[in-house]
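S.K.: Below, each chain spelled out in residue letters.
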Amino acid sequence: MREVAVIGVGATKFGELWEKSFRSLGLEAGMKAMEDANLSGSEVDGLFIGNMSAGRFINQQHIDALIADYSGMATNHIPATRVEAGGASGGVAFRQGVMAVASGMHDVVLVGGAEKMTDLDDTSINHIMDSTADAEWEAGMGLTLASLHAMIARRLIHEGVATREEIASVAVNSHFHGELNPGAQFRKAVPIETVLRSGPVADPLGVFDCAPISDGAAAVVLCPLSEAKRYTDRYVKVSAVAQASDTLALFQRRDITRFGATAAAAERAYAAAGISASDISVAEVHDDYTVSGILALQDLGICARGEAGKAFLSGATRVGSGKVAVNTSGGLKARGYPIGAAGVAQIAEITEQLRGTADKRQVKDARYGLAQSVGGTGSAVTVSILEAV
Amino acid sequence: MSSVAREWREIPGRYNLEGSKCGCCGQVYFPRRDFCPKCRRDGIGKVSPYKIDRSGEIFSFSIVYESPECNSFLKPYAVALVKTGDGALVAGQLVDVDLEKISIGMPVRAVLRKLDADGASGVIHYGFKFAPAL
Numbered sequence: 000m001r002e003v004a005v006i007g008v009g010a011t012k013f014g015e016l017w018e019k020s021f022r023s024l025g026l027e028a029g030m031k032a033m034e035d036a037n038l039s040g041s042e043v044d045g046l047f048i049g050n051m052s053a054g055r056f057i058n059q060q061h062i063d064a065l066i067a068d069y070s071g072m073a074t075n076h077i078p079a080t081r082v083e084a085g086g087a088s089g090g091v092a093f094r095q096g097v098m099a100v101a102s103g104m105h106d107v108v109l110v111g112g113a114e115k116m117t118d119l120d121d122t123s124i125n126h127i128m129d130s131t132a133d134a135e136w137e138a139g140m141g142l143t144l145a146s147l148h149a150m151i152a153r154r155l156i157h158e159g160v161a162t163r164e165e166i167a168s169v170a171v172n173s174h175f176h177g178e179l180n181p182g183a184q185f186r187k188a189v190p191i192e193t194v195l196r197s198g199p200v201a202d203p204l205g206v207f208d209c210a211p212i213s214d215g216a217a218a219v220v221l222c223p224l225s226e227a228k229r230y231t232d233r234y235v236k237v238s239a240v241a242q243a244s245d246t247l248a249l250f251q252r253r254d255i256t257r258f259g260a261t262a263a264a265a266e267r268a269y270a271a272a273g274i275s276a277s278d279i280s281v282a283e284v285h286d287d288y289t290v291s292g293i294l295a296l297q298d299l300g301i302c303a304r305g306e307a308g309k310a311f312l313s314g315a316t317r318v319g320s321g322k323v324a325v326n327t328s329g330g331l332k333a334r335g336y337p338i339g340a341a342g343v344a345q346i347a348e349i350t351e352q353l354r355g356t357a358d359k360r361q362v363k364d365a366r367y368g369l370a371q372s373v374g375g376t377g378s379a380v381t382v383s384i385l386e387a388v
Numbered sequence: 000m001s002s003v004a005r006e007w008r009e010i011p012g013r014y015n016l017e018g019s020k021c022g023c024c025g026q027v028y029f030p031r032r033d034f035c036p037k038c039r040r041d042g043i044g045k046v047s048p049y050k051i052d053r054s055g056e057i058f059s060f061s062i063v064y065e066s067p068e069c070n071s072f073l074k075p076y077a078v079a080l081v082k083t084g085d086g087a088l089v090a091g092q093l094v095d096v097d098l099e100k101i102s103i104g105m106p107v108r109a110v111l112r113k114l115d116a117d118g119a120s121g122v123i124h125y126g127f128k129f130a131p132a133l
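Going line by line, the protein sequences match chains A and B.
Position 272 (the first sequence) corresponds to 271 in numbering that gives the first Met the number 0; numbering is contiguous.
Position 53 (the second sequence) corresponds to 52 in numbering that gives the first Met the number 0; numbering is contiguous.
Honestly, the hints are just simulated from the structure, not real lab data.
Careful: at least some of the hints might be erroneous.
[As the list claims (entries may be wrong)] FRET-style restraints, in silico, Cβ to Cβ:
#: 1; chain 1: B; residue 1: Cys23; chain 2: A; residue 2: Met30; range: 38 to 46 Å
#: 2; chain 1: B; residue 1: Pro75; chain 2: A; residue 2: Asp232; range: 55 to 63 Å
#: 3; chain 1: A; residue 1: Gly159; chain 2: B; residue 2: Lys50; range: 41 to 49 Å
#: 4; chain 1: B; residue 1: Cys23; chain 2: A; residue 2: Gly300; range: 29 to 37 Å
Cβ coordinates follow ideal geometry from the N, Cα and C atoms, glycine included.
Put together the whole structure using the sequences plus the hints.
M.R.: Here you go:
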């Protein structure tokens, strides 16, 4: 297999973007990534798009064709493929793109991720989110995705793995970084009291424990590592793209205080990259709910069980403060969570960090960065590792 | 909105907590599975219907304040993961319970209740919820 490089990244601002359509968001992110990679567009021979539910959010299926058309790629009739894996749609799309280049079947691939959510009301949006859990035996029985994460949080507290304050501090960390990211939905740091006092969603989790509803898109350009210099001096190496699965329903597992798919994907990723968790300097993790951030650091092996909450609460996860900076983009919580875009936006952020273009949130001398994307309650997980060159 | 057929074919599980038991390894599953993920090919033809224990204890729970439209009249309501007597974990709502007094380890039993309805003239969905055990 060939080694693969990320040679360009781009993203729209995330947020309630009422003036922007799904197709205009996708085009904007793609154009930015192409410009960043110094490409005209005719070099691209493959397109992958992470998108969770355009069919239900905007009543549009077949978005592979839509994006190929509006990005000008359909004029060359290049293959376009839409990828869905719940919240991990973007992470899985990135992995498909990397595999396409690594295998030699494609030479320059554009990976996009996009979601247009705010055309619907909040109740309808949450109902669609709930369908990434087991629609028949979780959502169909009155459980929400938030309540499933709330039950994970309650077990973590019950088993003494994390306190309520430590769980809440995951949102404080994301908002601290969101303030530094011009593309973030929420550019405002918040104290822990704001998180703890926010209105209840699914006890013990409140509004500030949940990532927001967002519109947005992100894109990255891939090519063989050996060809990267032809296009740009600012590129990073893809050291690993691992993926793992688990049961669809949370209740099918005996232990709900860890995501086995994250642990499995991480183990495969570290082995493929030839490194260990201690080599990671910057990580983007899937904090769709605060509690997911706690699970992520533990299951990725970045923190020991019982230590992730302490790292967030002490501020050691902030840029310039500790060994690993976590969610420097603002994470899903503050940067925003346009579902299919999230996993691709993580890759864009890690790329910016490793090539030194992350501005006010720049982590110094980072060599390895990691991105974790999660679908449902840990039913699909990707762990990608990028390396500075 | 879901079809009558979709509702009808899940009645054994929804009404009677009928899952499956693998005759090869003895593992109990809920909902029904026709294929044992542990035994795979060795278990083919040996997985049979099995009614799981209707009583158990609360493994974890949450109080739902933001709910789907169908449950908006119930808000806030409680949901739980229940560990049944035969070791299976099952997800469901908690009813007939003081929301302030729910705790992990609390004994509960399955009861048949209305889950939701497809509008004023559509299918009414019934299924199990959990209530405190007497």
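S.K.: For every hint, state whether the structure bears it out.
M.R.: We went through each hint and held it up to the structure:
Here the CB-CB span from B:Cys23 to A:Met30 is close to 56 Å, at odds with the stated 38 to 46 Å. Between B:Pro75 and A:Asp232 the beta carbon distance is about 56 Å. The supplied range of 55 to 63 Å therefore holds. Distance hint for A:Gly159 and B:Lys50: a CB-CB separation of about 36 Å, inconsistent with the stated range 41 to 49 Å. Separation of B:Cys23 from A:Gly300 is about 35 Å and conforms to the stated range, judged on CB atoms against 29 to 37 Å.
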